[in-house]
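Chemist: So the sequence lines, in the order shown, correspond to chains A and B. Position in the first sequence (first residue = 1) + 303 = our numbering. Position in the second sequence (first residue = 1) + 349 = our numbering.
Quick caveat, the hints were computed from the structure, so don't treat them as lab data. This one's a predicted model, so the numbers in the text were calculated from it and none came from an experiment. Just to be clear, a hint being listed does not mean it is correct.
[Unchecked claim] Beyond 10 Å from chain B on every Cβ pair, some chain A residues (computed):
1) 386
2) 430
3) 483
4) 502
5) 509
6) 521
[Stated by the list, open to error] If the Cβ cut is set under 7 Å, some of the chain A residues that face chain B in the computed set are:
7) 523
8) 556
9) 559
Backbone N, C-alpha and C fix where the C-beta goes; we use that ideal spot for every residue, glycine too.
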Amino acid sequence: MSDQAMSSALLGSISPGRRLRNRIAMGSIWLCVLVAAVPLAFVITYLVQRGAGIVDLSFLTDDIPISSRLRGPGMGPAILGTLLTTGAATAMAVPLGVLAAVYLNEYGGKGRLAATIRFLSDVMAGVPSIVMGLFIYTVWVLRFGQTGFAGALALACLMLPIVIRSAETALQLVPSELREASAALGARTSRTILTVVLPAALPGVLSGALLAVARAAGETAPLLFTIGTVTSSNPQLFEGTNTALSAQIFVNARQPFEGAIDRAWGAALTLIVLVFVLTAVARLVARRFTVR
Amino acid sequence: MVLLILGLIAVATTRRAWPAFADEGMRFFTTTRWAPNAEVFGSLPFVYGTVVTAVIALVLAVPVSVGIALFLSDVAPRRLRRPVSSLVDLLAAIPSVVYGLWGVIVLAPWITGVYDRISDITSPVPVLSTLFAGPSTGRGLFTAGIILALMVTPIITSITREVFDTVPAMAKEAAYALGSTRWEMIRAAVFPHSRAGMIGAVMLGLGRAMGETIAAALVIGSSARITAQLFGSGDSMAAVIANEFGESGGLHRAALIGLGVELFALTILVNVIARVIIARGRRHA
């Protein structure tokens with residue numbers, strides 16, 4: 304029986320009032336989906352419309368104009384900065400987060416310590432990103448100055464709880480038979496984890512990590528006080544100030560000048576493409592390797 | 350490690366903020382005048398702005414999020430489920446600074462007209478006439494609330510959906526068997542089962558909305574005042590830190606870091622409550 308026929312057969316004896324109320328409720332639920340879709344469509348349309356005319360090869364590689372009044376291209380340093388800081392943050396947060404997840408899932412189990420860590424990492428995920436920025440500013444920047452690395456530290460703090468959570472979920476999905484089989488062959492727990500559990504959980508861990516990277520690449524607030532700004536490329540992580548796409552969007556969006564606004568749109572389009580590519584890769588990885 | 354970081358955050362930031370706390374004492378938390386030039390720092394306007402924008406965001410986002418979550422768990426035809434859930438993921442994947450950019454350049458100029466019309470309509474009504482008083486520049490508390498609503502919707506949706514998915518199929522089928530319409534089933538089986546989880550999800554959304562910085566900094570209008578005019582400009586804790594930090598020094602900077610400490614404490618509180626509620630709900634389930 305089709306859905307339609309079934310509901311009419313069942314609804315046959317239902318009073319008009321109840322039927323009407325059901326209609327209204329279902330209608331509002333559909334409406335909710337529309338309400339969320341419309342602004343999203345607007346944001347993306349504007350982004351492509353305003354950004355597409357601006358992004359070209361020289362936009363992606365040239366230096367940023369020294370005065371924000373100037374028109375013309377240039378987000379090269381910001382793209383480099385974003386890749387550099389996000390890369391460094393990933394190099395710090397992912398291994399640490401995976402280690403923490405291994406502890407939580409393989410050693411800690413249901414113990415009190417593990418529960419506490421899990422709880423705190425959830426709470427840490429809720430710490431506003433600007434507070435992370437202030438934190439790195441007070442413990443690092445005041446001593447060592449603004450560098451790309453300081454920004455990377457702030458981003459790493461932000462990524463850590465996300466990586467822990469997703470890696471733990473991935474580890475939980477590894478069937479315990481695998482662990483038992485490995486143990487039965489005489490492998491120690493550490494060896495089992497390295498050669499059996501982690502490879503099996505790799506796709507899940509990877510896709511979680513990529514999502515965290517995508518999140519970090521889009522973050523602005525933690526970078527504001529930690530990396531400073533430059534107008535020409537600075538490939539050094541530990542020396543001198545740097546900049547990032549997100550920070551450039553923020554700075555340029557506050558300018559009244561047309562050239563600056565154009566650059567903000569261009570940078571936004573570049574950033575979004577970067578984030579979407581990362582997200583898409585993450586989903587692909589997750590789907591291709593899903594353990595059934 | 351995580352514990353260490355959380356502890357370090359609290360200690361390090363508080364130490365840097367100490368000059369401001371020491372100078373202002375309790376007045377830092379209880380007075381409403383923020384005048385960096387006169388070295389007077391009362392943080393209440395920002396707390397007010399933070400709370401108001403977050404509440405506006407939740408009022409807008411919660412019904413929509415719950416609706417989408419219900420759509421995904423119980424209403425949607427099977428083939429629509431995946432596209433709609435990627436739509437929600439997409440909303441989450443857009444960086445906040447991009448929402449801010451769109452908000453300040455596209456939304457704010459457009460919405461001024463809408464605000465003016467609303468304030469024309471409501472001007473004869475006593476309370477509403479203050480709430481919706483014009484004229485507006487388009488940048489203000491309500492605009493910030495709208496942008497924040499867009500940003501918290503994916504969070505609330507994904508958590509409530511998870512909760513809805515844990516409703517036992519048996520309870521749903523029992524409701525249908527008693528002759529319920531779909532809506533009656535949702536009210537009788539889904540909502541009572543998920544109450545704790547939904548409250549937790551809303552609290553998490555609240556935490557996120559309170560801490561959101563960049564989008565708010567761009568559209569909130571930046572004026573340190575407590576006003577009942579929702580369409581007027583205000584400022585939030587996170588936004589003022591982002592906007593003023595660069596050109597601050599000395600006591601002003603310490604006060605901004607102090608604001609950060611206050612915000613940290615507030616969001617931690619909200620998050621802890623949220624997590625406890627969710628965990629308790631899960632145990633009952």
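Chemist: Taking the least C-beta to C-beta distance, is residue 559 of chain A closer than 7 Å to chain B?
Modeler: 11 Å, violated
Chemist: Closest CB-CB distance from residue 483 of chain A to chain B, is it above 10 Å?
Modeler: 27 Å, holds
Chemist: Holds or violated: is there a CB of chain B closer than 7 Å to the CB of residue 556 of chain A?
Modeler: 5 Å, holds
Chemist: Are all beta-carbon distances from residue 521 of chain A to chain B longer than 10 Å?
Modeler: With a cut-off of 10 Å, residue 521 of chain A comes too close to chain B, as the shortest Cβ separation is near 3 Å.
Chemist: For residue 430 of chain A, is the shortest beta carbon distance to chain B beyond 10 Å?
Modeler: 6 Å, violated
Chemist: Using Cβ atoms and 10 Å as the threshold, tell me whether residue 502 of chain A really stays out of contact range of chain B.
Modeler: Holds, because the least Cβ-Cβ distance between residue 502 of chain A and chain B comes to about 24 Å, which exceeds 10 Å.
Chemist: So is residue 386 of chain A really clear of chain B, every C-beta pair being over 10 Å apart?
Modeler: For residue 386 of chain A, whose nearest Cβ neighbour in chain B is about 15 Å away, the distance exceeds 10 Å, so it holds.
Chemist: Are all C-beta atoms of chain B more than 10 Å from that of residue 509 of chain A?
Modeler: At about 17 Å from chain B, residue 509 of chain A clears the 10 Å cut-off, so the statement holds.
Chemist: Given residue 523 of chain A was flagged as interface, is its beta-carbon under 7 Å from a beta-carbon of chain B?
Modeler: 4 Å, holds
When the structure is compared with the earlier hints, violations turn up for hints 2, 6, 9 and for no others.
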